[in-house]
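2 protein chains.
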Amino acid sequence: MSLDPSRLAPMANAIRALSMDAVQAANSGHPGMPMGMADVATVLWSKYLKFDPGAPDWPDRDRFVLSAGHGSMLIYALLHLSGYAAPTMDDIANFRQIDRPCAGHPENFLLDGVECTTGPLGQGVAMAVGMAIAERQLNAHFGDDLVNHRTWAVAGDGCLMEGINHEAIGLAGHLKLGHLTVLWDDNNITIDGSADLSTSEDVKARHVSAGWHVVSCDGHDTDAISRAIEEAMADDRPSLIACKTIIGKGAPNKQGTSATHGAPLGPDEIAAARKMLGWDHEPFVVPDDIIADWHGTGQRGAEAHSAWKSRFENSARMAEFETRMGDPGDRAGRAIEDHIRSLAADPQKVATRKASEMALGPLTAALPQMIGGSADLTGSNNTKTPSTVPFSADDYSGRYIYYGIREFGMAAAMNGMALHGGIIPYGGTFLIFSDYCRNAIRLSALQETRAIYVMTHDSIGLGEDGPTHQPVEQVMSLRLVPNLNVYRPCDAIETAECWALSLQMPATPSVLALSRQGLPQMRGEGDAEWTSASNRSARGAYRLSVASAGRKVVLVATGSEVHLAADVAAVLEQQGVGADVVSMPCAELFDAQDAEYRADILPADVLKVSIEAGSTRGWERYTGTEGINIGLDRFGASAPAGDLFSKFGFTADAIVPKIINKLNS
Amino acid sequence: MSLDPSRLAPMANAIRALSMDAVQAANSGHPGMPMGMADVATVLWSKYLKFDPGAPDWPDRDRFVLSAGHGSMLIYALLHLSGYAAPTMDDIANFRQIDRPCAGHPENFLLDGVECTTGPLGQGVAMAVGMAIAERQLNAHFGDDLVNHRTWAVAGDGCLMEGINHEAIGLAGHLKLGHLTVLWDDNNITIDGSADLSTSEDVKARHVSAGWHVVSCDGHDTDAISRAIEEAMADDRPSLIACKTIIGKGAPNKQGTSATHGAPLGPDEIAAARKMLGWDHEPFVVPDDIIADWHGTGQRGAEAHSAWKSRFENSARMAEFETRMGDPGDRAGRAIEDHIRSLAADPQKVATRKASEMALGPLTAALPQMIGGSADLTGSNNTKTPSTVPFSADDYSGRYIYYGIREFGMAAAMNGMALHGGIIPYGGTFLIFSDYCRNAIRLSALQETRAIYVMTHDSIGLGEDGPTHQPVEQVMSLRLVPNLNVYRPCDAIETAECWALSLQMPATPSVLALSRQGLPQMRGEGDAEWTSASNRSARGAYRLSVASAGRKVVLVATGSEVHLAADVAAVLEQQGVGADVVSMPCAELFDAQDAEYRADILPADVLKVSIEAGSTRGWERYTGTEGINIGLDRFGASAPAGDLFSKFGFTADAIVPKIINKLNS
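One line per chain: the protein sequences are S and R, in this order. Count the first sequence with our numbering and you get residues 1 to 665, in order. Count the second sequence with our numbering and you get residues 1 to 665, in order.
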């Protein structure tokens with residue numbers, strides 16, 4: 001690094017100027033954080049961060065995560081100044097404007113170099129933990145020559161105060177992720193004012209208690225910052241660098257106060273800041289010499305990239321590495337062909353959580369990028385297979401993570417792994433605890449990650465654990481999340497099909513809602529020669545059985561209620577009422593079918609009856625308001641599952657009369 | 001306390017026997033925790049806990065929270081043995097059976113003495129924090145004579161590993177809640193096996209870093225337990241007592257292993273445990289002498305209760321205390337009469353979050369039990385009023401809590417406050433962060449607490465912060481939660497009406513979804529003499545304006561889309577198409593109306609069009625599948641709000657042609 005240290009201050013001031021000017025132009029945003037952390041970021045990017053602006057997707061780059069995503073102007077300034085193709089200066093001048101890439105919070109799908117979407121506090125650090133796990137896992141398989149990089153996260157007080165931070169740092173400390181460094185913007189300011197209003201915590205001591213290395217520095221002293229970073233890099237534990245900063249540094253009257261946190265500084269204060277910083281350039285103008293210094297910061301990374309490329313091209317593992325980092329295509333579908341054919345020949349009555357384990361056997365054997373885990377429910381979620389040996393601080397080559405009782409941290413780490421590349425993460429918990437990690441699932445969807453949530457015990461069918469553990473509204477509420485596929489398979493074959501679909505969607509996360517209780521196998525006929533192309537779940541819903549008598553009813557059900565629908569149909573047929581049974585393992589995929597297919601499956605001229613042991617609201621989409629919705633719009637209760645299904649009317653005896661009455665009315 | 005210390009061991013063994021026998025009879029459950037914590041619980045209940053089995057609702061009782069709710073047999077045994085009217089021994093023998101009170105996890109609505117519903121890990125401790133806040137707040141107002149009790153929580157490794165624990169203990173430490181003690185069942189076992197599989201944390205050091213007092217003891221040495229409890233009681237900080245225990249203690253072959261955690265011990269091991277414990281009684285039989293010792297444990301509390309009653313009856317504050325602890329009835333409705341009448345006379349164009357603040361002024365002035373707060377978004381949620389001065393460690397008389405960036409912890413603490421009694425908690429965050437606290441909101445609903453969530457920035461109308469901050473599916477997904485009222489008022493008058501309704505529902509929590517952006521006042525005509533009885537929002541939906549031309553369309557909208565619906569209606573009317581506008585501030589209350597009212601508001605014979613800037617799924621309930629659902633089924637974007645409403649089709653120009661086309665088709 002040949003940069004004259006005295007050049008760092010003007011480089012940092014370029015960040016400050018762009019930040020305050022962009023926020024002012026947008027008339028909204030958060031100038032305080034980028035101005036406060038400008039010095040730290042400048043030191044990191046110019047001396048330590050391994051990145052190549054010309055190759056933002058280079059797999060062995062360092063990952064930089066702006067966990068405090070409201071300070072988005074920091075990363076936009078860094079990307080622009082260091083020479084990424086985007087954002088342009090015009091993009092920065094159009095911060096927070098429609099159809100422009102410099103969004104209010106950084107979005108991974110809008111800009112290269114934004115490794116993940118941040119803003120929901122705490123999740124950036126937790127995703128960084130996932131990235132650091134991915135790096136160690138790949139390193140264990142491919143060695144230092146191909147994988148040896150670091151993960152850096154910038155976090156504010158909010159990120160550290162959120163509950164997920166406890167889960168994230170607990171996991172990172174336990175796994176001794178020494179390539180992870182969190183740079184804490186220790187400015188003692190939150191939106192409400194001084195952090196003292198709401199916290200008295202010794203943040204550093206807490207990190208030490210979680211097994212972290214901790215070092216402090218003056219976040220405006222570039223030498224001190226360098227020393228702290230070097231100490232962090234030398235330690236084999238994850239590191240917290242407490243950077244003592246002044247929020248809004250450079251704004252003479254507002255710095256150090258919450259006034260700089262989330263609002264434009266105003267023209268007068270910006271003028272005063274220009275004076276204080278010695279920055280006499282127009283808005284969105286950075287002098288060529290400073291630009292040149294910034295462009296130089298990518299040089300180290302470009303050289304490292306070039307060296308990496310040589311190693312890569314000479315590596316015996318090149319093809320394997322490319323396969324690992326690439327999309328598996330239809331390997332998942334092919335991997336389960338034998339499994340499904342054998343189920344067709346020899347039907348199994350198993351819980352779909354068990355069916356999931358059965359499918360995971362061949363899938364994890366075929367796809368080394370699948371890294372499993374559970375939030376302390378391994379035996380209940382059935383997520384572990386012979387191929388997925390434990391991943392631990394002693395053995396990073398493993399493929400199974402004991403996440404502990406950390407659902408939210410698990411989900412966010414899964415996002416980080418998926419975003420890192422080379423990993424398809426799946427993780428288990430009870431479906432009810434989707435509530436605990438819901439916003440991370442939402443970020444899977446927004447970020448278009450292939451994260452697969454194995455969520456078992458998916459209804460009152462879990463029985464005795466009672467209403468706190470029985471999902472009611474969870475299945476339907478997850479269906480509301482855009483770009484999320486919620487699968488609720490009815491038997492062992494559908495479960496395998498849904499697993500294949502989950503793995504085949506590179507930009508859509510999946511939730512597999514699986515039963516605790518055993519379910520009869522509904523499929524098999526016609527599946528003796530099953531291939532991936534014949535995956536019936538792929539259209540979201542399909543006719544499982546066809547009315548014998550004249551069709552007057554279509555029963556549409558999911559998961560553990562499909563066999564009940566078949567029972568209802570059988571009774572109706574005995575009474576001369578023809579009834580189709582439609583299984584709908586994935587409503588989202590069904591909604592994506594053309595109108596003709598949908599009308600064929602759910603014709604207009606018959607009574608449509610939905611059966612699902614959960615919220616009925618939302619089912620009117622398929623049954624119309626003239627149909628019947630059999631469901632549960634109250635909390636469950638503690639009792640054996642059979643008693644609950646009876647109590648809440650999930651029996652043919654209870655359902656058939658409703659249908660007959662409706663047909664007669 | 002005259003109990004011979006040597007009697008404690010058989011008392012604890014009674015808990016062990018009942019726990020293992022009940023789990024065995026149910027063939028499901030968690031014997032390990034109650035057997036491990038039997039000694040600690042016996043010491044606490046017999047020597048320290050202030051409770052009166054004959055008066056479970058006595059306001060000055062200690063609160064005992066079984067945060068590790070899966071160990072429910074512990075509290076069932078304690079309640080039965082100590083002489084509560086329920087559960088009976090027959091109830092215990094019918095553990096986890098239908099329509100019986102000994103549910104899989106303890107439910108506050110099934111048994112007196114169960115202070116809160118637990119099972120979702122971590123929330124018990126967080127609710128205990130809320131109870132301890134409530135106790136200090138009431139103590140500050142009513143003094144030691146009327147309010148001076150402790151809160152105890154039993155927590156396992158899971159409770160402490162969950163993210164919410166960080167938020168809860170951070171808040172408790174900051175607020176110096178010295179009457180709060182957490183008894184940690186430190187057994188080093190989780191469901192997956194040894195806790196070492198997933199954690200390396202120094203739990204005690206973490207609590208110290210959060211400002212807690214920490215003491216350890218051998219959880220099977222009754223003297224040591226007593227010493228630790230006394231040390232905790234003497235300290236003015238919240239205390240963690242690390243009770244080193246053996247999970248499943250007493251089961252000779254399984255104790256100390258995860259095999260005892262969540263499954264019956266089996267007949268052989270139970271027989272061996274009987275031998276090891278010297279317990280030769282039949283299942284569900286406890287000898288009279290041990291029952292007598294247990295019944296004696298309530299004596300201290302009964303005496304304390306009696307003394308309290310004398311003080312209470314002689315207190316000048318008696319009436320005030322009763323008013324404070326009782327239901328406010330319609331005081332909320334009356335408190336806003338002048339406010340609404342003044343809005344009728346002088347319409348205001350304000351954001352509904354601002355309208356909420358305007359309503360909160362008279363409400364918080366009239367209702368001292370209202371305790372507000374925000375998760376670090378006070379200025380954005382508009383939750384603070386002149387009446388609600390800060391609650392802090394220096395001044396417990398305050399009524400406003402700076403919760404910090406702790407949404408989940410806030411929501412759970414609110415539940416604890418509401419359950420404690422004497423407090424109606426309300427707390428703010430952005431609606432998007434309902435995802436962070438979703439399971440605590442669910443527990444508000446399940447536990448029937450009057451917790452009021454002020455959730456602002458309720459759609460893409462928040463603008464520039466972008467998709468991470470823009471609710472899309474949140475409003476509809478919260479509507480799916482049973483026993484939760486989701487209000488989305490359209491203007492200042494509806495906002496005040498919805499606040500009154502929220503306060504008038506003693507057993508139903510509320511979410512107020514409020515806009516960031518200013519909204520025109522739609523109401524006023526007919527509201528000049530507004531009274532609580534004329535609250536139009538009370539029926540959930542009502543006709544805001546009536547078609548002039550022949551009615552062909554009913555537009556039903558909520559919140560910020562109601563004025564858009566009015567604009568659409570105006571254009572339609574100009575074209576000779578009659579259109580009603582229906583405002584639906586609360587779908588749940590509308591669903592509860594009789595069929596006649598619902599059919600009058602949403603008649604069968606017209607085109608029904610829903611307009612809400614969120615998920616459309618669920619709106620078919622009101623429009624049928626032949627209606628039109630204007631909504632947003634994708635993530636938002638970062639831009640000024642007006643640009644987003646245009647981009648996503650929320651304009652009369654975009655909507656009117658859809659309606660005309662439909663009418664013509």
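The set of hints was computed from the structure by calculation and includes no laboratory data. Don't take every hint at face value.
Each computed DSS-like pair below joins lysine-lysine, with the alpha-carbon atoms no more than 27 Å apart [stated by the list, open to error]: (1) Lys658(S) x Lys647(S); (2) Lys244(R) x Lys275(R); (3) Lys244(S) x Lys176(S); (4) Lys275(R) x Lys176(S); (5) Lys204(S) x Lys50(R); (6) Lys204(R) x Lys244(R); (7) Lys354(S) x Lys552(S); (8) Lys204(S) x Lys647(R); (9) Lys662(R) x Lys647(R).
The following label-pair restraints were derived from C-beta to C-beta distances [as the list claims (entries may be wrong)]: (10) Glu303(S) x Arg634(R): 37 to 45 Å; (11) Asp99(S) x Ser665(R): 44 to 52 Å; (12) Lys349(S) x Arg634(R): 52 to 60 Å; (13) Gly326(S) x Ser194(R): 52 to 60 Å; (14) Ala234(S) x Asp235(R): 33 to 41 Å.
Far from chain R, some chain S residues (derived; all Cβ distances over 10 Å) [claimed, not checked]: (15) Gly54; (16) Thr117; (17) Ile246; (18) Glu320; (19) Pro347; (20) Gly379; (21) Arg406; (22) Gly463; (23) His469; (24) Gly550; (25) Gly618; (26) Glu620; (27) Asp653; (28) Ile660.
What you are looking at is a predicted structure, and each value in this text was computed from that prediction instead of being measured. Built from N, CA and C at the ideal position, the CB exists for glycine as well.
Evaluated hints:
{"no.": "1", "hint": "Lys658(S) x Lys647(S)", "verdict": "16 Å, holds"}
{"no.": "2", "hint": "Lys244(R) x Lys275(R)", "verdict": "24 Å, holds"}
{"no.": "3", "hint": "Lys244(S) x Lys176(S)", "verdict": "25 Å, holds"}
{"no.": "4", "hint": "Lys275(R) x Lys176(S)", "verdict": "45 Å, violated"}
{"no.": "5", "hint": "Lys204(S) x Lys50(R)", "verdict": "38 Å, violated"}
{"no.": "6", "hint": "Lys204(R) x Lys244(R)", "verdict": "12 Å, holds"}
{"no.": "7", "hint": "Lys354(S) x Lys552(S)", "verdict": "35 Å, violated"}
{"no.": "8", "hint": "Lys204(S) x Lys647(R)", "verdict": "46 Å, violated"}
{"no.": "9", "hint": "Lys662(R) x Lys647(R)", "verdict": "22 Å, holds"}
{"no.": "10", "hint": "Glu303(S) x Arg634(R): 37 to 45 Å", "verdict": "42 Å, holds"}
{"no.": "11", "hint": "Asp99(S) x Ser665(R): 44 to 52 Å", "verdict": "32 Å, violated"}
{"no.": "12", "hint": "Lys349(S) x Arg634(R): 52 to 60 Å", "verdict": "40 Å, violated"}
{"no.": "13", "hint": "Gly326(S) x Ser194(R): 52 to 60 Å", "verdict": "38 Å, violated"}
{"no.": "14", "hint": "Ala234(S) x Asp235(R): 33 to 41 Å", "verdict": "40 Å, holds"}
{"no.": "15", "hint": "Gly54", "verdict": "27 Å, holds"}
{"no.": "16", "hint": "Thr117", "verdict": "6 Å, violated"}
{"no.": "17", "hint": "Ile246", "verdict": "20 Å, holds"}
{"no.": "18", "hint": "Glu320", "verdict": "30 Å, holds"}
{"no.": "19", "hint": "Pro347", "verdict": "27 Å, holds"}
{"no.": "20", "hint": "Gly379", "verdict": "7 Å, violated"}
{"no.": "21", "hint": "Arg406", "verdict": "6 Å, violated"}
{"no.": "22", "hint": "Gly463", "verdict": "7 Å, violated"}
{"no.": "23", "hint": "His469", "verdict": "6 Å, violated"}
{"no.": "24", "hint": "Gly550", "verdict": "24 Å, holds"}
{"no.": "25", "hint": "Gly618", "verdict": "5 Å, violated"}
{"no.": "26", "hint": "Glu620", "verdict": "4 Å, violated"}
{"no.": "27", "hint": "Asp653", "verdict": "17 Å, holds"}
{"no.": "28", "hint": "Ile660", "verdict": "21 Å, holds"}
Checked against the numbered hints above, the structure breaks hints 4, 5, 7, 8, 11, 12, 13, 16, 20, 21, 22, 23, 25, 26 and satisfies the rest.
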